[in-house]
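> Spelled out from the first residue to the last, the chains are:
There are 2 protein chains.
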Amino acid sequence: MDGGAAGAPTLGVDLGGTKIEIAAVSPDGRILGSRRRPTEASRGPEPVIADLIATLRESIAAEGRRATAVGVGVAAQVDGSGGVVFAPNLRWRNVALGARLSAAVGLPVTVTNDVRAATFGEWKFGAGRGESDLVCLFIGTGIGGGAVVAGTLLEGASHTGGELGHMTIVTGGRACTCRNLGCFEAYVGGWAIAARAQEAARSSPSDGRWMVDAAGTLEAITAATVVAGFEAGDAMSKRLFDETAAYLGSGLVGVVNAFNPRRLILGGGIVERAPFLIEPAERHVRTHALEAAMGELRFERAGLGNDAGVVGAAAMAAHASGRGGPG
Amino acid sequence: MDGGAAGAPTLGVDLGGTKIEIAAVSPDGRILGSRRRPTEASRGPEPVIADLIATLRESIAAEGRRATAVGVGVAAQVDGSGGVVFAPNLRWRNVALGARLSAAVGLPVTVTNDVRAATFGEWKFGAGRGESDLVCLFIGTGIGGGAVVAGTLLEGASHTGGELGHMTIVTGGRACTCRNLGCFEAYVGGWAIAARAQEAARSSPSDGRWMVDAAGTLEAITAATVVAGFEAGDAMSKRLFDETAAYLGSGLVGVVNAFNPRRLILGGGIVERAPFLIEPAERHVRTHALEAAMGELRFERAGLGNDAGVVGAAAMAAHASGRGGPG
Numbered sequence: 012m013d014g015g016a017a018g019a020p021t022l023g024v025d026l027g028g029t030k031i032e033i034a035a036v037s038p039d040g041r042i043l044g045s046r047r048r049p050t051e052a053s054r055g056p057e058p059v060i061a062d063l064i065a066t067l068r069e070s071i072a073a074e075g076r077r078a079t080a081v082g083v084g085v086a087a088q089v090d091g092s093g094g095v096v097f098a099p100n101l102r103w104r105n106v107a108l109g110a111r112l113s114a115a116v117g118l119p120v121t122v123t124n125d126v127r128a129a130t131f132g133e134w135k136f137g138a139g140r141g142e143s144d145l146v147c148l149f150i151g152t153g154i155g156g157g158a159v160v161a162g163t164l165l166e167g168a169s170h171t172g173g174e175l176g177h178m179t180i181v182t183g184g185r186a187c188t189c190r191n192l193g194c195f196e197a198y199v200g201g202w203a204i205a206a207r208a209q210e211a212a213r214s215s216p217s218d219g220r221w222m223v224d225a226a227g228t229l230e231a232i233t234a235a236t237v238v239a240g241f242e243a244g245d246a247m248s249k250r251l252f253d254e255t256a257a258y259l260g261s262g263l264v265g266v267v268n269a270f271n272p273r274r275l276i277l278g279g280g281i282v283e284r285a286p287f288l289i290e291p292a293e294r295h296v297r298t299h300a301l302e303a304a305m306g307e308l309r310f311e312r313a314g315l316g317n318d319a320g321v322v323g324a325a326a327m328a329a330h331a332s333g334r335g336g337p338g
Numbered sequence: 012m013d014g015g016a017a018g019a020p021t022l023g024v025d026l027g028g029t030k031i032e033i034a035a036v037s038p039d040g041r042i043l044g045s046r047r048r049p050t051e052a053s054r055g056p057e058p059v060i061a062d063l064i065a066t067l068r069e070s071i072a073a074e075g076r077r078a079t080a081v082g083v084g085v086a087a088q089v090d091g092s093g094g095v096v097f098a099p100n101l102r103w104r105n106v107a108l109g110a111r112l113s114a115a116v117g118l119p120v121t122v123t124n125d126v127r128a129a130t131f132g133e134w135k136f137g138a139g140r141g142e143s144d145l146v147c148l149f150i151g152t153g154i155g156g157g158a159v160v161a162g163t164l165l166e167g168a169s170h171t172g173g174e175l176g177h178m179t180i181v182t183g184g185r186a187c188t189c190r191n192l193g194c195f196e197a198y199v200g201g202w203a204i205a206a207r208a209q210e211a212a213r214s215s216p217s218d219g220r221w222m223v224d225a226a227g228t229l230e231a232i233t234a235a236t237v238v239a240g241f242e243a244g245d246a247m248s249k250r251l252f253d254e255t256a257a258y259l260g261s262g263l264v265g266v267v268n269a270f271n272p273r274r275l276i277l278g279g280g281i282v283e284r285a286p287f288l289i290e291p292a293e294r295h296v297r298t299h300a301l302e303a304a305m306g307e308l309r310f311e312r313a314g315l316g317n318d319a320g321v322v323g324a325a326a327m328a329a330h331a332s333g334r335g336g337p338g
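As you go down the protein sequences, you meet chains S and W in turn.
Counting in our numbering, the first sequence runs from 12 upward without gaps.
Counting in our numbering, the second sequence runs from 12 upward without gaps.
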């Protein structure tokens, strides 16, 4: 940040199975400009990397070649030295992404997991600004998590730390998409809310009528159907919603007791669609988590929305190029 | 550690509801000498603090007045600046323990939670030596936990981080001693194993015969009874043991997915009495936790036994006096 680079942006990349988003981000977290294109992951890694390089070059040119570093958040297991170990949505295994991008654009490149990037973004420029101990939980189709402990982003021994969606909350319970039974995500993730709702409608067709009518078919019921039914006063939707809030509270008690964060930041598509889910879950946490863990705790909604990933990735790149390592 | 203080010990104190233990510990973690006395907590704080000061002075004299600092691990919620906020076993509230001791013995005093002290001990001189990412779980009457994240002891926003025994593993499950339902501790802690065994013997008296005979009465059945029955081939004890291992595995999956430690260190009275509990739990974790979190993971038994508390408290004091802050 010294001398000529004062105020220079870094580039943040959000690389997922459906879209590539690249933003130029100022040192104080403002998006100066962004580009987006479909990933078309079925083409395999090489065309996607070529697109990524071309789009990065456009972004670098658009910012007058002032960008100092690139940060990539990718929906993947990463190796801590720029490599993608496994990205199920991209169908990538062992791609030396950081080295490839760095060689192509001539800038230092940091590669991290997309949820950790979003957590970093919320920490530096969103709802966690100024805090040294926080937890983020992003509830969308699945549940992603991240934690900052004593001013350090939780990375973990093999770069998978913060998988809070895969904490067991019901021993022997519902099968998760991972190998475990009873995961937090297997009750509160969007796919799980949909599955629970479809099961309920199947076993009680008359009570499930509203949801089936709203969705068109039973198989088309989603978490959004349940939220809409809750808002419309449908009894079964209300029950499913209340159960979801109870599972959310139950999982959050464990998160709070384990991490003792000062802020608990909730974001993701489900929270954005149904922010009123937070209140009953927070009430449950305040009456069930350890009192000693409660004194400093604040619940917050995520502040950056869909920008958390690119802003966080860009901020991690700035942090890494200024300090020599991510996190 | 420089100059005249090279090799000088620090004093570690383990202050609990039943005993006070003080050890002089060398910079490389060896116990040079120790003293122990009953706490007699019912007398209230003042006589206990007087005893503590007298015993500290004896220890300081016995070490030729070379000790450079004192670390206290106490079964309590602490405030991060030497104060005890609440110690249920001692029946203390808001005692400025660090300031009192420091004024009396003329050395810097660090006060921390006893489980965090033990975690620090295992990290620096026990089963976690040399690691930057680890989790300790001490399973005794209750379950205490601690974590080291990127080379920093997890402290938490209000100094209660690492309460892994109070992660929910059965939503809506058994009542815990805390305010939550379905805590890890409410299934796997010694008190909970005893309660589960007594309930089982009560509902199936003929199957529970072995345990009742071994314990003398149904109400006298403890976790040790169950372990003895397991070793003796009693069918109900075997079932209770297997269920305990399953709950342990289920909780550990959550711990591993959340923290992604390189070492998972298990200690405490239950693990010391029944180390064969680890193997089925480890097998469960290896088949149910995220594969990406498994690559680097090693299970270890705690290495310091009952000394972890005093050794860790002494090491924290050395760390604090050398670096200006605990952890």
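Some clues are possibly wrong.
[What the hints assert, rightly or not] Calculated Cβ distances over 10 Å to all of chain W for the following chain S residues:
no. : residue
1   : Arg46
2   : Arg48
3   : Thr50
4   : Ala72
5   : Ala211
6   : Gly244
7   : Ala257
8   : Leu301
[Claimed, not checked] These stretches of chain S come out as covered by chain W in the derived footprint (C-beta under 8 Å, 3 or more residues):
no. : segment
9   : 87-100
10  : 159-166
11  : 270-282
[As the list claims (entries may be wrong)] Here are the computed distance ranges between Cβ atoms for each label pair:
no. : chain 1 : residue 1 : chain 2 : residue 2 : range
12  : S       : Ser217    : W       : Thr188    : 39 to 45 Å
13  : W       : Met305    : S       : Glu290    : 36 to 42 Å
14  : S       : Phe287    : W       : Thr298    : 46 to 52 Å
15  : W       : Met305    : S       : Gly333    : 29 to 35 Å
16  : W       : Ile42     : S       : Gly280    : 30 to 36 Å
17  : S       : Gly183    : W       : Pro49     : 41 to 47 Å
18  : S       : Ala243    : W       : Ala186    : 33 to 39 Å
19  : W       : Thr298    : S       : Glu242    : 58 to 64 Å
20  : S       : Arg309    : W       : Leu43     : 41 to 47 Å
21  : W       : Thr188    : S       : Arg309    : 23 to 29 Å
Just so you know, the hints here were simulated from the structure itself, not pulled from any lab data.
Glycine is no exception: its CB is placed at the ideal position from the N, C-alpha and C atoms.
> Hint by hint, note whether the structure agrees.
Hint-by-hint comparison with the structure:
1. Listed as a non-interface residue, arginine 46 of chain S keeps its Cβ farther than 10 Å from every Cβ of chain W; the least gap is roughly 30 Å.
2. With a least beta-carbon separation of about 28 Å from chain W, arginine 48 of chain S lies farther than 10 Å from that chain, consistent with its non-interface assignment.
3. Residue-level check passed: threonine 50 of chain S sits 21 Å from the nearest beta carbon of chain W, beyond 10 Å.
4. Non-interface status of alanine 72 of chain S relative to chain W is upheld: no Cβ of that chain comes within 10 Å, the nearest being about 36 Å off.
5. Distance to chain W confirms alanine 211 of chain S as a non-interface residue, since its nearest Cβ pair spans about 17 Å, more than 10 Å.
6. Against chain W, the non-interface label of glycine 244 of chain S holds: every CB pair exceeds 10 Å, the least being about 26 Å.
7. Under the 10 Å C-beta cut-off, the non-interface status given to alanine 257 of chain S relative to chain W is violated; the minimum distance is some 7 Å.
8. Some Cβ of chain W comes within 10 Å of the Cβ of leucine 301 of chain S; the nearest lies about 6 Å off, and the non-interface call is violated.
9. Proximity of the segment 87-100 of chain S to chain W, defined as three or more residues with a beta carbon under 8 Å from a beta carbon of that chain, is established by the 3 residues found.
10. Only residues whose C-beta sits within less than 8 Å of a C-beta in chain W count toward coverage, and the segment 159-166 of chain S has 5 of them, enough to reach three; the restraint holds.
11. For the segment 270-282 of chain S, the proposed coverage by chain W is satisfied: 4 residues have a C-beta within less than 8 Å of a C-beta in that chain, meeting the threshold of three.
12. Take serine 217 of chain S and threonine 188 of chain W: their Cβ atoms lie about 43 Å apart, and the range 39 to 45 Å holds.
13. The hinted window of 36 to 42 Å between methionine 305 of chain W and glutamate 290 of chain S holds, with their beta carbons roughly 37 Å apart.
14. A hinted range of 46 to 52 Å is violated for the C-beta pair phenylalanine 287 of chain S and threonine 298 of chain W, which are about 38 Å apart.
15. In this structure the hint that methionine 305 of chain W and glycine 333 of chain S lie 29 to 35 Å apart at CB holds, the actual value being about 33 Å.
16. Checked against the given bound of 30 to 36 Å, the beta carbons of isoleucine 42 of chain W and glycine 280 of chain S, roughly 55 Å apart, lie outside it.
17. Between glycine 183 of chain S and proline 49 of chain W the C-beta distance comes to about 43 Å, which sits within the given range of 41 to 47 Å.
18. Checked against the hint of 33 to 39 Å, the C-beta distance between alanine 243 of chain S and alanine 186 of chain W comes to roughly 36 Å, which is consistent with it.
19. Here the CB-CB span from threonine 298 of chain W to glutamate 242 of chain S is close to 41 Å, at odds with the stated 58 to 64 Å.
20. At about 46 Å, the CB distance of arginine 309 of chain S to leucine 43 of chain W agrees with the hint of 41 to 47 Å.
21. The hinted range of 23 to 29 Å is satisfied by threonine 188 of chain W and arginine 309 of chain S, whose Cβ atoms lie roughly 27 Å apart.
When the structure is compared with the earlier hints, violations turn up for hints 7, 8, 14, 16, 19 and for no others.
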